[in-house]
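There are 2 protein chains.
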Amino acid sequence: MSEIKRTEIATLGEFGLIDHLTKTIELKNISSLKGVGDDAAVLDYSSKRVLVTTDLLLEGIHFDLTYVPLKHLGYKSAVVNFSDIYAMNGQPKQITISLGISKRFSIEDLEDFYEGVNMACEKYGVDIVGGDTSSSLTGMTISITCIGEGEEGKIVYRNGARETDLICVTGNLGAAYMGLQLLEREKRVLENNKETQPDFAGKEYILERQLKPEAQKAIIEVLAEKDIVPTSMMDISDGLSSELLHICGQSKVGCRIFEEKIPIDYQTSVMAEEFNFSPLTAALNGGEDYELLFTVPLAKHQDIITIPGIREIGYITKEALGSYIVTQTGQEVALSAQGWNSLSE
Amino acid sequence: MSEIKRTEIATLGEFGLIDHLTKTIELKNISSLKGVGDDAAVLDYSSKRVLVTTDLLLEGIHFDLTYVPLKHLGYKSAVVNFSDIYAMNGQPKQITISLGISKRFSIEDLEDFYEGVNMACEKYGVDIVGGDTSSSLTGMTISITCIGEGEEGKIVYRNGARETDLICVTGNLGAAYMGLQLLEREKRVLENNKETQPDFAGKEYILERQLKPEAQKAIIEVLAEKDIVPTSMMDISDGLSSELLHICGQSKVGCRIFEEKIPIDYQTSVMAEEFNFSPLTAALNGGEDYELLFTVPLAKHQDIITIPGIREIGYITKEALGSYIVTQTGQEVALSAQGWNSLSE
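Keeping their order, the protein sequence lines are chains B and G.
Read left to right, the first sequence gives residues 1 to 345 (our numbering).
Read left to right, the second sequence gives residues 1 to 345 (our numbering).
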């Protein structure tokens, strides 16, 4: 094994480190007037609405560096923020990145992290325009704020779902959660036996969904091309049940979704079975899918079904009818937001 | 002593906690179209430039909860971000707040923190429009992003200082640093003898500068009234030397400042003497003053000297002449950025 280069962060200091990590940044968006290097970034949003979202990711809570490579972590940290902007029917354009890091990290580690962030920014057309780097006494802390643009009248909130609207999801659900279960299992195995090599063959898809998720840029673009503005939308980060209950709560409506229509990938099902776990539970409560959940008027059915990667899974009802999933045997089961609640015990 | 109410965070859960802490927020700025409660906030900056700044504050590195009350911490966390926006000659309008918290914090603790943030937002006319709350395995993590507005052509960067420009600072320097030294000393005394009561009489000013700093809103407004647009500007968070070297570096100029002109408060000097410490060193390298450092063309001298709270401390030179402070005995000493470098050893 080749020696891994390790340069202590103290050799650069705080300002040196920021310069080092940001010196190759080139601004690509016309709305990015001034990026890193002043007290604040300067953006031009004169003809658009500004969308702002922020996420805090803490080591040991949101990620485990024993199996998450730093490059992947950087990629994912950026993408999950882009996902929130797409979920408003907007386009992410700028991010700021703040990092808290202890001495166990080297400059090369942070370069890996930034490489991942840069890859995500390249792919999604986003500029890094600011940030902050600080030492930390303990684990790694990542805080990302993403700024995006939306068009007046086309921004989609959570509160616009109406009775008879169709409920749609993109892609498939539960894969990222099963990927996480697999990684956690292999970690425990490795802890007990250092000689073992994890066997991930045939499970690449669910691992990728966990380690390198993507945001739904293409879907937002297709919806715009077809002139479809959803009545409500969210990204699925805490699980379908939790998100759908948010939409129903804020829109003051109920819903029916159908078990047989929930999109679940084959690898997700296989992995769930191996864990004696219901694939449906992974899909409803698993989280970290970063797919989009949205509603459209019933009249858009013909337009929607022609778009690859979108599935209609049910419809919106009056609020009094509650929020239920209809099982394959015809039973109605109330949706509950178990979600991925990092603050409960 | 009355019993302190303590409600465990787990009784509310993550979403409940965010709702609880944000339910009383009312948006005040016309640019704040939609705040907390969706995937992203929505802002209208159609006639202005958008300014964005972010700060990460970590327990044990940036603050010590043994002597910093949570309400003050909330206030300060918000104000230091506003300060960055003023330093661009802008007006802060929105913030997002992300908190990482361990179980040792109760809901009442977080209410105190938010009360401080709210007080600052009220005073400076800023809306809270988003955030994230997460559990943390260790200390408290605070990440704040502030969005502000600037006028095209009037945004002030660090790179515009020109030869013969006057160098100005607001208020006085070094007080926050001496306040910190005092708090640290009293903490050590208390650790050794729990019976002692700290004696802060006559030292209220430097304590307030450390615990409850203010941003320079009024100065920015006066400059606008008098139609003065600085050629360069920064807020003084890492110490005058460090900031002035940033301005000289980015503007490719040198400078001369004069020891006798550096504004230092009486309490700062008294405290420094008690610590056998040079007041000038506190002013040059102390940090956390959140005063403004800016340059104006020489022709603005008459306008500037009529503004209370602004002091001219020197002038900008050609780059080749270097950056020096001229002592009271006429010696030239090179400025060095010792700053407050949290990543060095």
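Worth double-checking, as some hints may not be accurate.
Restraint-style ranges between C-beta atoms, simulated for each label pair [stated by the list, open to error]:
#1 B/F200 <-> G/R185: 52 to 58 Å
#2 G/P198 <-> B/K154: 56 to 62 Å
#3 G/K187 <-> B/Y266: 56 to 62 Å
#4 G/K154 <-> B/L65: 41 to 47 Å
None of these hints come from the bench; they were simulated from the model.
Quick reminder that beta carbons are idealized off the backbone N, C-alpha and C, glycines included.
Okay, the hints, checked on the actual structure:
1. B/F200 <-> G/R185: 52 to 58 Å: Taking Cβ atoms as reference, B/F200 and G/R185 lie about 56 Å apart, which means the hint holds.
2. G/P198 <-> B/K154: 56 to 62 Å: With a Cβ separation near 58 Å, G/P198 and B/K154 satisfy 56 to 62 Å, so the hint holds.
3. G/K187 <-> B/Y266: 56 to 62 Å: 60 Å, holds
4. G/K154 <-> B/L65: 41 to 47 Å: Distance hint for G/K154, B/L65 holds at roughly 45 Å.
Going through the hint list in order, the structure satisfies each hint without exception.
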